Amino acid sequence: MKVNTHSSAPPLAPIKADPHAYPFSTVTMDFITDLPESNGYNALYVVMDHDLTKAIVLIPCTKTIDAIGTARLYHDNEMNKRLGVTSSMSTAFHPQTDGQTERTNQEIEAYLRIYCSNHPETWTEHLPLMEFSHNNRVHSVTKQTPFSLLLGYQPRAIPHVIEDTNIPSLSERLKQLNQQRSEALAAHELAHALMAQRIQSKFKPFKEGDLVWLEVKNINLGVLHRKLKPKREGPFPITKVISPWAYKLQLPEQWKIFPVFHICLLSPYKATEAHGPSYSEPPPDIIEEEEEYEIEAIVGHNPKNARKPRKFLVKWLGYPSSENTWYKPEELSHANEILDEYKKTHNLL
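In the working numbering, the protein residues as written are 20 to 368.
By construction, these hints were calculated from the structure, which means they are not laboratory data. Fair warning: there could be bad hints in the mix.
[As the list claims (entries may be wrong)] PhoX-like cross-link-like pairs, simulated, lysine-lysine; straight-line CA separation at most 20 Å:
| hint | residue 1 | residue 2 |
| --- | --- | --- |
| 1 | LYS362 | LYS330 |
| 2 | LYS323 | LYS82 |
| 3 | LYS289 | LYS323 |
| 4 | LYS363 | LYS327 |
| 5 | LYS347 | LYS327 |
| 6 | LYS323 | LYS334 |
| 7 | LYS334 | LYS363 |
| 8 | LYS226 | LYS289 |
| 9 | LYS226 | LYS259 |
| 10 | LYS275 | LYS259 |
| 11 | LYS362 | LYS323 |
| 12 | LYS334 | LYS289 |
| 13 | LYS323 | LYS275 |
| 14 | LYS330 | LYS289 |
| 15 | LYS275 | LYS334 |
| 16 | LYS362 | LYS327 |
Keep in mind that this is a model prediction, so the values were computed, not measured.
Start from the sequences and build out the full structure, keeping to the hints where you can.
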């Protein structure tokens, strides 16, 4: 992923650690909210061992807490006190209070946005991999992994060498888990690198109403041809500031994706000759007294199952990919040659 040059790391000031601490004697806690709904959850409760191991525990939850939920949180806090656990609380949207946890939050958000960009509704299913990946990598402060400090050894989620088994389903499942773990580690490394690159830069957050470009390299917009897929889309206005590193954008209605993005996927919009106040899209052709736009290409289809009715994603000549539109085959009677060529290329005839 190309990292934009916009300075976007909040200034951080970590809480002083206790030199006599034991694992999870002092924890920092925070919430990541406004996530897409996944298995009934739309927020993430992050608990981190502040002083010693730097290990994290990720707990899915909801943004709205009712009376029962509040009582449960109160009970948990009382249990923490009885167990001798100290909670270092930070104020929402004030990352300078607890730089360590806020930076971890940024890393988690970047991981989720990158790894779950195509299926954001599945983020809860990836929390175990995210948690394991974080706790199994060397921390920049301790120079050891949280697992080694907490358990005394390095656990392995999946064997590095997968031997064939006599049970096809088991063998396939092991290969699938190994692939998922590799993807999770790659996403985690990328998220960590993005955060590390920005940690020393001057913080320049966006504000509501700002126009920004959106990096879409890892976002599934239905485009099958990589050459036709743009690296970024927009500009889009920011409709809500979720946090200094998460923003809600006003996206086209035909985009069926969650509109909240991590700041590492955004870059500030600057007017140019091609995209500025004087920029205008080409006018439509007038055919039989009706407006008709020229099709540049068909760039995708859905669903992949031939037994279900298909729709095709149309890219319009002179318009950005954000204006791509889905059509049924019978609605493309004026573009039979383009449609037939697409079907032939993708073995859909």
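ask   = Do the alpha carbons of LYS334 and LYS289 lie within 20 Å of each other, as the hint requires?
value = The hint is violated at about 25 Å.
query = Are the Cα positions of LYS362 and LYS327 separated by 20 Å at most?
reply = 15 Å, holds
task = Given the hint that LYS275 pairs with LYS259, test it: the Cα-Cα distance must not exceed 20 Å.
result = 18 Å, holds
task = Take a quick look at whether LYS334 and LYS363 sit within 20 Å of each other, Cα to Cα.
result = 18 Å, holds
message = Given the hinted pair LYS330 and LYS289, is their Cα-Cα distance within 20 Å?
response = 35 Å, violated
message = Check whether the Cα positions of LYS347 and LYS327 lie no farther apart than 20 Å.
response = The hint holds at about 12 Å.
inquiry  = For a C-alpha distance cap of 20 Å, please report whether LYS362 and LYS323 respect it.
reply    = 12 Å, holds
request  = Compare the distance between the alpha carbons of LYS363 and LYS327 with 20 Å, and conclude whether the hinted pair is satisfied.
outcome  = Distance ~19 Å between LYS363 and LYS327 Cα, so the pair holds.
request  = Starting from LYS226, check that the Cα of LYS259 is at most 20 Å away, please.
outcome  = 8 Å, holds
query = Hey, LYS323 versus LYS334, does the alpha-carbon distance stay inside 20 Å?
reply = 19 Å, holds
request  = Assess, step by step, whether the Cα of LYS275 is no farther than 20 Å from the Cα of LYS334, and give holds or violated.
outcome  = 17 Å, holds
query = When you check the alpha-carbon spacing of LYS226 and LYS289, does it fall within 20 Å?
reply = Measuring from Cα to Cα gives roughly 15 Å; hence the hint holds.
In the structure shown, a violation is registered for the earlier hints numbered 2, 3, 12, 14, in ascending order.
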